[in-house]
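Engineer: Read off the chains here:
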Amino acid sequence: MVQLDQVQLVDVSRHFGRRRAVSHVTLTASRGDLVALVGPNGAGKSTLLGMLATLVTPTSGTIRYDGREARSLGAGLRAQIGLLAHDLHLYAELSARQNLTLFARLYGLDAGTSVENALQAAGLSERADEDVGRYSRGMRQRLAIERALLHRPKLVLLDEPFTGLDDQAARLVTERLKALAADGAIVLLATHDLEVAADLATRVAVVVGGRLIADESGGHDLRRRYRAVVGNA
Amino acid sequence: MTFARVAALVFRKDVAIELKSGEILYTTLFFAVSCVLIFAVAFVKEGQPLPGAGAGILWIAVLFAGNLALGRTFERERYSETLRALLLVPAPRSAIYVGKLVGILVLLFVTEIIVAPMVVLLFRVPLFARPLLLGTLLVLGSVGFAAVGTLFAAMLVRARTRDVMLPILLYPITIPVIIAGVLGTGSLLQSPADEPIALMWIALLVCFDVVFVTLALWMFEPLMTE
Numbered sequence: 001m002v003q004l005d006q007v008q009l010v011d012v013s014r015h016f017g018r019r020r021a022v023s024h025v026t027l028t029a030s031r032g033d034l035v036a037l038v039g040p041n042g043a044g045k046s047t048l049l050g051m052l053a054t055l056v057t058p059t060s061g062t063i064r065y066d067g068r069e070a071r072s073l074g075a076g077l078r079a080q081i082g083l084l085a086h087d088l089h090l091y092a093e094l095s096a097r098q099n100l101t102l103f104a105r106l107y108g109l110d111a112g113t114s115v116e117n118a119l120q121a122a123g124l125s126e127r128a129d130e131d132v133g134r135y136s137r138g139m140r141q142r143l144a145i146e147r148a149l150l151h152r153p154k155l156v157l158l159d160e161p162f163t164g165l166d167d168q169a170a171r172l173v174t175e176r177l178k179a180l181a182a183d184g185a186i187v188l189l190a191t192h193d194l195e196v197a198a199d200l201a202t203r204v205a206v207v208v209g210g211r212l213i214a215d216e217s218g219g220h221d222l223r224r225r226y227r228a229v230v231g232n233a
Numbered sequence: 234m235t236f237a238r239v240a241a242l243v244f245r246k247d248v249a250i251e252l253k254s255g256e257i258l259y260t261t262l263f264f265a266v267s268c269v270l271i272f273a274v275a276f277v278k279e280g281q282p283l284p285g286a287g288a289g290i291l292w293i294a295v296l297f298a299g300n301l302a303l304g305r306t307f308e309r310e311r312y313s314e315t316l317r318a319l320l321l322v323p324a325p326r327s328a329i330y331v332g333k334l335v336g337i338l339v340l341l342f343v344t345e346i347i348v349a350p351m352v353v354l355l356f357r358v359p360l361f362a363r364p365l366l367l368g369t370l371l372v373l374g375s376v377g378f379a380a381v382g383t384l385f386a387a388m389l390v391r392a393r394t395r396d397v398m399l400p401i402l403l404y405p406i407t408i409p410v411i412i413a414g415v416l417g418t419g420s421l422l423q424s425p426a427d428e429p430i431a432l433m434w435i436a437l438l439v440c441f442d443v444v445f446v447t448l449a450l451w452m453f454e455p456l457m458t459e
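Residue numbers (my numbering), protein chains in the order written: chain X, 1 to 233; chain L, 234 to 459.
Okay, chain L solo, but in the shape it has when bound:
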């Protein structure tokens, strides 16, 4: 079995389950939308949003919702120990990691597609003035966050304290992603937009993604063997 085929089968399996239950997609979206609405109530006074808040709120909503999605996705694999069945498949075990990672990324992208227009509407920010740069920041930030999160969620799948441990481990390590995402997006919202600064944060995200995706692919098999 080829690496790509196994990854695709794992991803398609997650999609098939999600299409039946809708559980993770709806809860993730509900959480992200609620998050943005609560921040709007707190930070928009008399129709005037707090300056500079939009970028941070977009990233907080997406990444907090991402944490929820990570936990639930691996809870499914824990329920009947199906992750162990996948680990027995005659293919590189890191292909399973990639399949799960792609599933999480799709959830994050859907969340971003829903949440970004809400931020534009509620916080009156020109988020789509530089769509290519914004899209690049969101894609790279999501990849970095999901790469680390998928590895940790898989590692913690049999731990009793997994719900507590996942954010405790995940957020400190993904701080560079959060900072790069927020400040890079913030630089695009300035008037005029500061493209060189956004490109600098994009470069940092590329470095983070390359390092952590490589590390995760390398470490997944030994970490998953008890």
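So that you can see chain X by itself, here it is in the shape it has in the complex:
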């Protein structure tokens, strides 16, 4: 089993044809870190998450998981990664229970307990047998978050996790992410919401035009600092 105490991007770039999605990014996150990737649309945040999830290969540079590259860790590494993407990775034709059961089995989990727990955490126990295609965006988002966290990953990658969530659900997700980090997971989330980033993240990485232009602590005054660094970029 792969232990995941640290993930490290070293001078990582990714080009799509002539477009530079990510350019020479170096970033380290360790157990307990809750890192918010903030930046304007098209800054390269999702590509960074895709590369960390082993779904996108860097054009240059290396990504190290506890000092080792993904290729040498293989499937064992993927067992430790939980990804919530912008597209929610759910089958609209299947019910919430069927979706969660499928992924629980694919991750080798006891489907019964883990699925019931996930349904409860998503607040969907009573509508668990409805097709996901009938759910509202917020319900799908809650389900997708639970699907991504079903196997208790050590590296949690979330792309805009608060999209479509009401205040109460957003608060629950915030608490959930803080608890995950407190339990020793590495949490990276891409978000546009600076208030969320300030409240939630222990560190804020500002990405503009594919480049990491600031890596700061979260907390107060983030909006002013963000405007200052983005304005200077």
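Derived pair list, reagent style EDC-like, types lysine to aspartate or glutamate, alpha-carbon separation capped at 20 angstroms:
1. L:K253 with X:E130
2. L:K253 with X:D129
3. X:K178 with X:D167
4. X:K178 with X:D166
5. L:K253 with X:E93
6. X:K178 with X:E195
7. X:K178 with X:E216
8. L:K253 with X:D131
9. X:K178 with X:D199
10. X:K178 with X:D33
11. X:K178 with X:E160
12. L:K253 with L:E308
These are computed hints drawn from the structure, not numbers from a lab.
With the hints as your guide, set chain L onto chain X.
Structural biologist: Below, chain L alone, put in the same frame as chain X:
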């Protein structure tokens, strides 16, 4: 997670979705049946079918319908990028390929079971005179076509021109399958049936299947990583 278990889970998931929607099965069957009926209108004059047409029509109906099924199966995975979720599963990524391949094969076999008797009926050909050889040709031809098609459909899942590109890439590469299938089946429809020729085409299909299934298993992971 074992390779076989992941492949089985992916296959069962596709079956569960298809049992709910019926979308791919019905459209594939409708297309294949329509194809055979149109050819029957064109090639059967005054109750007499065009000699030698039956074998070609059987394979055209099955493989064109197969192209439709391939496109739709991966369209489902594209809709919510679920293919990426499957690629993140801690198992050999080629197991996902095998699961999808088995799903496509089942669709092709169901299509063949429906279409073959129609060809017998409309074109008056002794298609079932050598059931074992015919079955072998159809199974091996389907495996070859689906092995290449599943790989290409997965590769093209994020391409904007996937609907156009899939047949453009698929048919030229599967020409050996189409030729072997049509000529092998044609040799069984002769009177008397030419079994040695059918066996020669079966041998070619075995070679094609071994080469392309091996290649696809080897290439699936690197091709699916962006």
